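Just so you know, the sequences run in chain order S and D. Heads up, the first sequence is in the working numbering, so the first residue is 1 and it goes up one at a time. Heads up, the second sequence is in the working numbering, so the first residue is 132 and it goes up one at a time.
Treat the hints as calculated values from the structure; they're not laboratory data. Please read all numbers here as calculations on a predicted model, not as lab measurements. Any given hint might turn out to be false.
[Said to hold, decoys possible] What follows is a list of derived Cβ distance ranges for each label pair: (1) S:Ser130 <-> D:Gln161: 35 to 45 Å; (2) S:Pro5 <-> D:Asn236: 37 to 47 Å; (3) S:Leu30 <-> D:Ser169: 36 to 46 Å; (4) D:Asn245 <-> S:Arg67: 22 to 32 Å; (5) D:Asp155 <-> S:Leu4: 17 to 27 Å.
[To be verified] Covered stretches of chain S (in silico footprint by chain D; criterion: 3 or more residues with CB under 8 Å from a CB of chain D, positions within the stretch not fixed): (6) 19-28; (7) 41-53; (8) 101-107.
[Claimed, not checked] Residues on chain D that point at chain S, a partial pick, calculated with CB under 7 Å: (9) Gln153; (10) Ser188; (11) Asp205; (12) Ala218; (13) Ile219; (14) Thr220; (15) Leu224.
The C-beta atom is built at its ideal place from N, Cα and C for all residues, glycine as well.
As a plain string of letters, each chain reads:
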Amino acid sequence: MDELPIQSGDDVVRVRQHVRTMAAGNGLSLVDQTKLVTAASELARNTLVHGGGGVARVEVVKSPNGRTGIKLHFTDSGPGITDIELALRDGWSSGTGLGLGLSGSRRLVDEFELDSEPGAGTTVVVVKWSR
Amino acid sequence: MDRVPIAKIGQTLFVSIQIELQDDSVLQLQEDLADEISSTGARGVIIDITAVEIVDSFIGRMLTMIGSISRLFDAETVIVGMRPAVAITLTELGLSMKGVRTALNAEKGLEILNGRS
């Protein structure tokens, strides 16, 4: 499992590039690569902007039926999310964005898990499977 | 942070994004374009994103805003060269890019701008 820091805009770019390389190298189609990298970009930005920085972890996973996938973990120790359901709604934003980061990235991946508690940080785990 | 260069040809500003976009570069481009349009009186802006591998909600919003800003200076912005995978992803993400013109390529973009005058 590869671990990448997210402390700056350059780090967000590095996360995108690493996810792209891993997705391309593990059989994801061009469209699926683009969706996963876009989701990674949204989530890495969230980690930086809302979580005050954190880490991204990237791993290759296998499904029981033999498909290969890319699993991404984004972890921060920021203020956390008070109302997760609200945060996942289209158009809801705590800041100046469009509110598509979380809800939109959930649509771009096959599996999406969000763990957060006020004061205890946020972890988002996503998986995109090859077809 | 890398900076995106702007070229002026006639009444049109050309921007070809050839770098991996980070948020600060897009914000800088927005400022640079506003300065350039207001100082040159350009009537049109073509932004070529052929080389751009992903457009996320931030980048998409900034490109749309460039369209709105240029309109305040009576200039039209056309985004050209979007990759098919980017178009599919943007749509699924929920970003409509409403408010900014798009065209298949720079040639079609220029046709839109020329048809306007």
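Exercise. Do the Cβ positions of Ser130 (chain S) and Gln161 (chain D) conform to the proposed distance bound of 35 to 45 Å?
Worked result: holds, 37 Å
Problem set entry | Interface hint outcome for Leu224 (chain D) [beta carbon to chain S under 7 Å] | Because about 4 Å separates Leu224 (chain D) from the closest Cβ in chain S, which is inside the 7 Å limit, the hint holds.
Problem set entry | Within 8 Å of chain D (C-beta), three or more residues of the segment 41-53 of chain S | Our answer is that it holds, as 3 residues pass the Cβ test (under 8 Å) against chain D, meeting three.
Exercise. Does the CB of Ala218 (chain D) sit less than 7 Å away from some CB of chain S?
Worked result: It is violated, given that the least Cβ distance between Ala218 (chain D) and chain S is near 10 Å, above 7 Å.
For this session: Just tell me: holds or violated, for the beta carbon distance of Asn245 (chain D) and Arg67 (chain S) against 22 to 32 Å?
Result: Distance hint for Asn245 (chain D), Arg67 (chain S) is violated at roughly 50 Å.
Problem set entry | Restraint check, 7 Å cut-off on beta carbons, for Asp205 (chain D) near chain S | violated, 27 Å
Problem set entry | Check of the segment 101-107 of chain S against chain D for coverage (Cβ-Cβ below 8 Å, three residues minimum) | holds (count 5)
Exercise. Within 37 to 47 Å or not, the Cβ separation of Pro5 (chain S) and Asn236 (chain D)?
Worked result: Check passed, 38 Å falls within 37 to 47 Å.
Exercise. Holds or violated: is the Cβ of Gln153 (chain D) closer than 7 Å to a Cβ in chain S?
Worked result: holds, 4 Å
Exercise. Can the segment 19-28 of chain S be counted as covered by chain D under the rule of three residues or more with Cβ-Cβ separation shorter than 8 Å?
Worked result: violated (count 1)
For this session: Can you let me know if the beta-carbon spacing of Asp155 (chain D) and Leu4 (chain S) is within 17 to 27 Å?
Result: holds, 19 Å
For this session: Hold the hint about Ile219 (chain D) up to the distance rule: shortest CB distance to chain S must be less than 7 Å.
Result: holds, 6 Å
The earlier numbered hints that this structure contradicts are 4, 6, 11, 12.
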